[in-house]
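The listed protein sequences derive, respectively, from chains Z and S. Note that numbering that gives the first Met the number 0 gives residue 334 to position 335 of the first sequence, counting from 1, and the numbers run on in steps of one. Note that numbering that gives the first Met the number 0 gives residue 21 to position 22 of the second sequence, counting from 1, and the numbers run on in steps of one.
Just so you know, not all the hints are guaranteed correct.
Unchecked claim - What follows is a set of in silico ranges between Cβ atoms, one per label pair, in the way DEER data are often shown: (1) G140(Z) to A30(S): 28 to 38 Å; (2) D37(Z) to A30(S): 48 to 58 Å; (3) E90(S) to G140(Z): 22 to 32 Å; (4) S47(Z) to H67(S): 29 to 39 Å; (5) S72(S) to D37(Z): 19 to 29 Å; (6) H67(S) to E27(Z): 21 to 31 Å; (7) G140(Z) to S72(S): 34 to 44 Å; (8) P106(Z) to S70(S): 55 to 65 Å; (9) R34(Z) to E90(S): 37 to 47 Å; (10) S70(S) to S5(Z): 29 to 39 Å; (11) K129(Z) to K84(S): 40 to 50 Å; (12) N118(Z) to S43(S): 32 to 42 Å; (13) D37(Z) to L16(S): 32 to 42 Å.
It should be emphasised that the hints constitute simulated quantities derived from the structure, not laboratory data. Beta carbons are placed, not taken as given, at the ideal position from N, Cα and C, and that holds for glycine.
What follows is the residue order along each chain.
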Amino acid sequence: MSTQVSTHDLAQEVRSAIAELKTSGNVEKTGIVTRIGDGVAWIYGLSSAGYSEMLEIEGTNGETVSAFALNLMEDEIGAVLLGADTKVKAGAKVRLSGKVLEVPIGPELIGRVVDPLGNPLDDKGPIKTKLTGLVERPAPGVLARKSVHEPLMTGLMAIDGMVPIGRGQRELIIGDRQTGKTAIAVDTMINQAKQKTGVVNIYVAIGQKMSKVARIIERLEREGVMDQTIIVATSANDPASLQYLAPYSGAAMGEYFRDNGQHSLITYDDLTKHAVAYRQMSLLLRRPPGREAYPGDVFYLHSRLLERSAKLSDVEGGGSMTALPIIETQAGDISAFVPTNVISITDGQIFMESSLFNQGIRPAISVGLSVSRVGGAAQTKAVKGAAGPLRLNLAQFRELAAFAQFGSDLDADTKQKIERGQRLTELLKQPQYSPLSVWEQTASLVAATEGAFDSVPVEHIKKAQHALLSQLGSEKKKDMEILNKGDKVDDAMKSTILGVAGKVAKEYSEASK
Amino acid sequence: MNKITTNQLAVYAVEQLEKGVDAKDVALKIAASLLENRQSRELSKVMHAVEDELNRRGSSQVVITSAHQVSESVKKELAKLLGAKNPVFHERIDPSVIGGVKARAGESEIDLTVRGRLNRFKANIVNQDN
């Protein structure tokens, strides 16, 4: 069956519809590129452009290259290109887009590797997100927030015990190159998957080596963490504009989860390179240089980014975004410009020391210089109780460590403090990619701080810890499940742990004789 | 000594032209000023600024680009669409636009060329691919 169709009538309809089309809507405001180079275009015209508004520049071959306006001057605009500057020539036409930069956000991004504009970098096809989020967005206000109170376990005993991190906190990881800064962030991400916390990880690589990013992705895949991870990757090869945008894009993606009552953990690796990329852009835009040639607003650059990490109030859904910014220092100098800025913005820092790293203490966390300003309120009660004496013991050990070489000439009390300190230092060593759960951390800490391992030789401490954990895991499974909930350790639980620890310690102290 | 802005130069040029000074003389003076103040790379900006200044003073410079000669009525229609008063037309024949016409007066532009449409089409397809 077919319906009668008159082609003439249809054609007539199209003709009359076209006749009614108004072409005046096609009039648009345009400007012209007067100079181009180093990723910056200088544009004449477009006097109505807004700050950080997206511009579209007509490239060669009819392609469009996006740029965003950063310098609005009396007679020209300085815009930073988001693509290659080789595609744009002087004299090219520039159009206003009427909007500021947005990136795709939503759960569809989980498991993907994207660039700062949300374009996929893996070979898993297009990302069909339903929403977009503003790259630059104001942080939640005072009333929308709640104080940090839930723990975000890193799985690293040294951190969870002494510098605990809470959900919504900003904890800086700072240290020289090759001291294991990224390793802490990666272990924390792995722990979220292992403990099934449901926290969505976002890893933002800023100007990193692509080989390093590939290695991290491969490791996360192997550990089964990619299923709850988004990677925003820029390499040292990318334009400074993309490196500058990366953390803001990552924050926009993390905010989706924060605003929907979920929890996210965002790692900025690293903000030193971010500041360097911004410095490059600013100098090319001829903004006046200040200290270390950074522009005047480098503090605001990081404060507005990190302020977006927050714990929201129950009215707002109670979601959170925790940030782990990373800063690389030169020769341990934490008083340089960018490190001091970020230290003052964040809620504490984990300081990595290369001398500790070289001594084989890994994670190479400096207990004296590391601090968590708000995490105490969020620390798991079980770990808090067990780790209470830890800081004090280690502090006393550090003061007395210099005397350790005198050996038997010391009084019994000093000797005991040194021996305890050596054992605790040994116990806090933890290999990469093996985060510990709450009960494993609590049991280890209880055994060590209560002195159950004092008779075990230092070189056997890790073996004794493993033996303790495997025995507790198999023989006292039920007790450990209760302990894993994180409630305060009661006396019965303590004696259970110490009972097993005593047996294990006996084995190892006898074995060494 | 303060830097002379391109806008100041443009206003000067237009005022001189209005006084009836020969265009060549004005161009020479502007060129000398740019060279003296090491602003020679701002020449193209000055040209645009002069155009803008003329537009502001009520004589719109309308640049029409098309593949073939355009009739007077089309030119007038384009000037009307762009809101140009007392238009002075500058025509450019450019076969690479393929067909249609585009016109610009100051910052306002209307692009009805086949090339422009193809470019927009291409940009849309590239965006969808992503």
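Q: Kindly confirm whether 21 to 31 Å is satisfied by the beta carbon distance between H67(S) and E27(Z).
A: holds (24 Å)
(Q) Holds or violated: the 29 to 39 Å window for the beta-carbon distance between S70(S) and S5(Z)? (A) Given a distance of about 35 Å, which is inside 29 to 39 Å, the answer is holds.
Q: Take a look at whether the Cβ-Cβ distance between D37(Z) and L16(S) falls inside 32 to 42 Å.
A: holds (37 Å)
**Q.** 22 to 32 Å as the expected CB spacing between G140(Z) and E90(S), which holds or is violated
**A.** violated (57 Å)
(Q) If I claimed the Cβ atoms of D37(Z) and A30(S) lie 48 to 58 Å apart, would that claim hold in this structure? (A) Since the Cβ atoms of D37(Z) and A30(S) sit about 27 Å apart, the hinted range of 48 to 58 Å is violated.
Q | C-beta pair S72(S), D37(Z): status relative to the range 19 to 29 Å that was hinted | A | violated (47 Å)
**Q.** Verdict for G140(Z), A30(S) (Cβ pair) under range 28 to 38 Å
**A.** violated (56 Å)
Q.
A range of 37 to 47 Å was offered for this pair. Does it hold for the Cβ distance of R34(Z) and E90(S)?
A. Between R34(Z) and E90(S), where Cβ atoms are some 28 Å apart, the hint is violated.
Q) Taking the CB of G140(Z) and the CB of S72(S), does the distance hold inside 34 to 44 Å? A) With a Cβ separation near 59 Å, G140(Z) and S72(S) fall outside 34 to 44 Å, so the hint is violated.
(Q) Quick check on a hinted range of 29 to 39 Å for S47(Z) and H67(S), using CB atoms only. (A) At 33 Å between Cβs, range holds.
(Q) Given a hint of 40 to 50 Å, does the C-beta separation of K129(Z) and K84(S) actually sit inside it? (A) Holds, since K129(Z) and K84(S) (Cβ atoms, about 47 Å apart) stay within the stated range.
Q: Given the hint of 32 to 42 Å, check if N118(Z) and S43(S) actually sit that far apart at their C-beta atoms.
A: Hint holds: Cβ distance 33 Å, inside 32 to 42 Å.
Taken one by one, the earlier hints fail for this structure at numbers 1, 2, 3, 5, 7 and 9, listed in ascending order.
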